[in-house]
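Asker: Here the protein sequences come in this chain order: A and B.
First residue of the first sequence? That's 933 in our numbering, and the numbers climb one at a time after it.
First residue of the second sequence? That's 246 in our numbering, and the numbers climb one at a time after it.
Because the hints were derived from the structure by calculation, they are not lab data.
For every residue, glycine included, the Cβ atom is placed at its ideal position computed from N, Cα and C.
There may be inaccurate statements among the hints.
Said to hold, decoys possible - Just some of the chain A residues that point at chain B, by a computed CB distance under 7 angstroms:
(1) Thr1082
(2) Asn1086
(3) Asp1227
(4) Asp1230
(5) Pro1254
(6) Ala1293
(7) Val1304
(8) Asn1316
(9) Thr1320
(10) Thr1321
(11) Ser1331
(12) Ala1342
(13) His1353
(14) Asn1356
(15) Ser1365
(16) Met1370
Unchecked claim - Each pair of labels, with its calculated beta carbon distance range:
(17) Gln1245/A <-> Asp493/B: 21 to 27 angstroms
(18) Gln461/B <-> Thr1082/A: 55 to 61 angstroms
(19) Gln461/B <-> Gln1245/A: 39 to 45 angstroms
(20) Asp493/B <-> Met1092/A: 55 to 61 angstroms
(21) Ser1071/A <-> Leu476/B: 32 to 38 angstroms
(22) Ala1235/A <-> Thr323/B: 44 to 50 angstroms
Stated by the list, open to error - Lysine to any residue pairs mimicking SDA-like chemistry, simulated, CA-CA at most 20 angstroms apart:
(23) Lys1141/A <-> Lys485/B
(24) Lys523/B <-> Asp1131/A
(25) Lys485/B <-> Gly1039/A
(26) Lys952/A <-> Ser1196/A
(27) Lys485/B <-> Arg309/B
These are the residues of each chain, in order.
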Amino acid sequence: MPDIYGILSTASRSLLTQQKAIDVTGQNIANVNTPGYSRQRVVMEPSAPINFEPGQMGTGVKAAEIQRIYDGFIGGQINGENAKLGQWEATESGLSRIELIFNESSGVGLEQAMGAFWSAWQDLANNPAGYPERTVLRSASETLARTFNTMSENLQQIQMDYDNTIAGTLDEINGLTGRIVDLNEKISQVEIAGQNSNDYRDQRDQLLKELSGLIEIDTYENEQGQVTVLTGNGTALVQSPYAYELSTQVNANGLQNVVWTDRSGTTIDITADIGGGELKGWLDVRDGYAQGYLDELDALANAIIGEVNTMHQSGYGMTIDPATGLPTTGQAFFTGSTAATMALDPAVAADVNLIAAAATAATVPGDNRNAVAIAELQNQLIMNSGSTTFDNYYSALASSVGNDVSNASANQEYESAMMTHLENYRESVSGVSLDEEMVNLVKFQHAYEAAAKLITTVDDMLNTVLNMV
Amino acid sequence: MRVTNSMMTATVKRNLFRQAENLARKQETMSSGLRINRPSDDPLGYGKVLDYRKTLTSLDQYDRNIQNAKNRIEFIETTLEGVEDLIVDAKNWAVNQSGSDSMDREAAITSVQNIRDQVLQLSNSKMGGVYVFSGFQTLTPPFASGGTYNGDNGYYSVMSADNMEIQVEADGSRIFQGAEDVFDALDQLIVGLQTDDTTLIHDQIDRFEQAQGQIQMVRAESGAKYQQLELVEQQTAKLKLTFEEMLDNTEKANIEETIIDFNNQELAYEMSLNAAAKIIQPTLMNFLN
């Protein structure tokens, strides 16, 4: 009302509004270190004027809404880059572990074991009848087989470890989607009533960001403020009011695949469709890199076993076969066919005189031609369809492991820099600056004081009027 | 651009981590002395390191093989020198006793019998537990006391380099019975001395000369092989030096450079800490009354 009481109500509205502004400033200050928090401010508007003489008179200020300062596009971009960052971080950490298996910089490893094996054959060739040379060869062969076994075991162990990590990651994903669908409900209920659900939206954005780090997602918001979350190839994780769970299923290799369950209980294998996030990183390390290295190691072991056995079986040992009265022949040297199963034939381990150094039965024991031939296998181009030696094949494999790690590292650093850039931009728009809030605090406090002064003045005016009569 | 507190603290943290990581890497290089501490430090270089090490192992092995062959030849040389001397002795007795006088027949017989025993003993020499003149039958004595050869025509071979084989003579039948059978000649000489058959005694002189010629030929062949081995040995030594140098260049860190880098990095880290301290402290609150 445009009279003395009107001024009083203008002043009181101002007090309350400035007080709300200080309250929101307090909220911002309290949340300066909260991750994902977007600063809020009170939108002040002049309250509706009324018609009076000499014209329209204003009636003060009102707090129209509490607005969240937020760039809608940056969220999607951050989630996209976060998925890539998660993927490369997981890949790099997995590959760094694998790299330890192939790390021979201290001088001990498969290359050295192979070198000792070929050397032992050469030493036997220098003294084919010698017993000490045979025992040294037995020991070098056992070491070689054991080195292959250990490397294979370690790679398989890593695969199983990441199996567990994948299962754990799926649990986290399910937890996050559950909370996201809850927040969807809360947000739509609040906003239907016409309010801004600033804090819930901040929380939901934070959860979506965490989720994007684990698995690549696309998000869409509908008119009720609910977010639909889709992952690789359009599989829905959150579609209000439902959250869909991911679980594991054992595949042909004895490892876990990722499956998605729909409303009717049918499961669909989505392992191949996952395009990013830590989950993709773990899957790549387990099924791509580790499996690939294991296959190459198996190929090398298999070739060595095959070639050595073929040569050895055509040679003659020093032990006399009681059945024929002649030196033994046809004795296999290694058993097994993969890096994990490679072992020295137990018959040879028990009697080293079975080692076939000679090329014919008549020339035992001084003939070393078979031993020389086996030692010469190290110089033959056997691997890669006849283009590489055993040692070059292995050094190329070790080199490629190093390459993969260095590549993953470079990608991770790049993604990290991108994320930093995007997060800085988000902070720049939505982050709380204590300096700014201090200034605002001073600003609102002065307004509050001025409004209080207005009330004092009106109080004086009322006193004057009352005392007039 | 609007800069908030958390942006500044995030930047400070990130830079400190980066400097600390660089410092840790330099420290690792200094303490291990290696430029390549894991395959990812230099993938191509790591592959080369493995290859160089393999080559050095091979070269060491060839060196060992060559030493074996050289030792063998030296042993044979000494043995055959002794045999040649004995044959010359026997020839001299034959010459001496082929005149018609039969003085010192007894002494001659005893001496030649001794020579025969010694030649038998030398022909059955063992080196490292195996017979060196039996061909491939290295666990069987080559000559029985009667002079029959129980070995075969094998040889002793070593790989002195990639695809390069060196064969050392080991066939007793060629050495002792090739041109003329030494044992038979000695036996005939003894028979001749015992039966006073000067014609028989005289016939053996030529045989001894032939046998001596045979032994000299074998010694010359072995000598040539020995020289060949020494040449290969020298080449191998040079190759080893080259590869060791290449391995060092690829694998080892340059000490001076590493220490300078480390000191620079320490300085950079300290400056980073200093700057951080100055940035994260003051706010407007310090200045408002």
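Asker: Could you run down the list of hints and mark each one as holding or not?
Answerer: Now the hints, each set against the structure:
no.	hint	verdict
1	Thr1082	violated (18 angstroms)
2	Asn1086	violated (15 angstroms)
3	Asp1227	violated (18 angstroms)
4	Asp1230	violated (19 angstroms)
5	Pro1254	violated (19 angstroms)
6	Ala1293	violated (11 angstroms)
7	Val1304	holds (6 angstroms)
8	Asn1316	violated (15 angstroms)
9	Thr1320	violated (12 angstroms)
10	Thr1321	violated (9 angstroms)
11	Ser1331	holds (3 angstroms)
12	Ala1342	violated (10 angstroms)
13	His1353	violated (11 angstroms)
14	Asn1356	holds (6 angstroms)
15	Ser1365	holds (4 angstroms)
16	Met1370	holds (4 angstroms)
17	Gln1245/A <-> Asp493/B: 21 to 27 angstroms	violated (42 angstroms)
18	Gln461/B <-> Thr1082/A: 55 to 61 angstroms	holds (57 angstroms)
19	Gln461/B <-> Gln1245/A: 39 to 45 angstroms	holds (44 angstroms)
20	Asp493/B <-> Met1092/A: 55 to 61 angstroms	violated (40 angstroms)
21	Ser1071/A <-> Leu476/B: 32 to 38 angstroms	holds (34 angstroms)
22	Ala1235/A <-> Thr323/B: 44 to 50 angstroms	holds (45 angstroms)
23	Lys1141/A <-> Lys485/B	violated (58 angstroms)
24	Lys523/B <-> Asp1131/A	violated (34 angstroms)
25	Lys485/B <-> Gly1039/A	holds (18 angstroms)
26	Lys952/A <-> Ser1196/A	violated (50 angstroms)
27	Lys485/B <-> Arg309/B	holds (13 angstroms)
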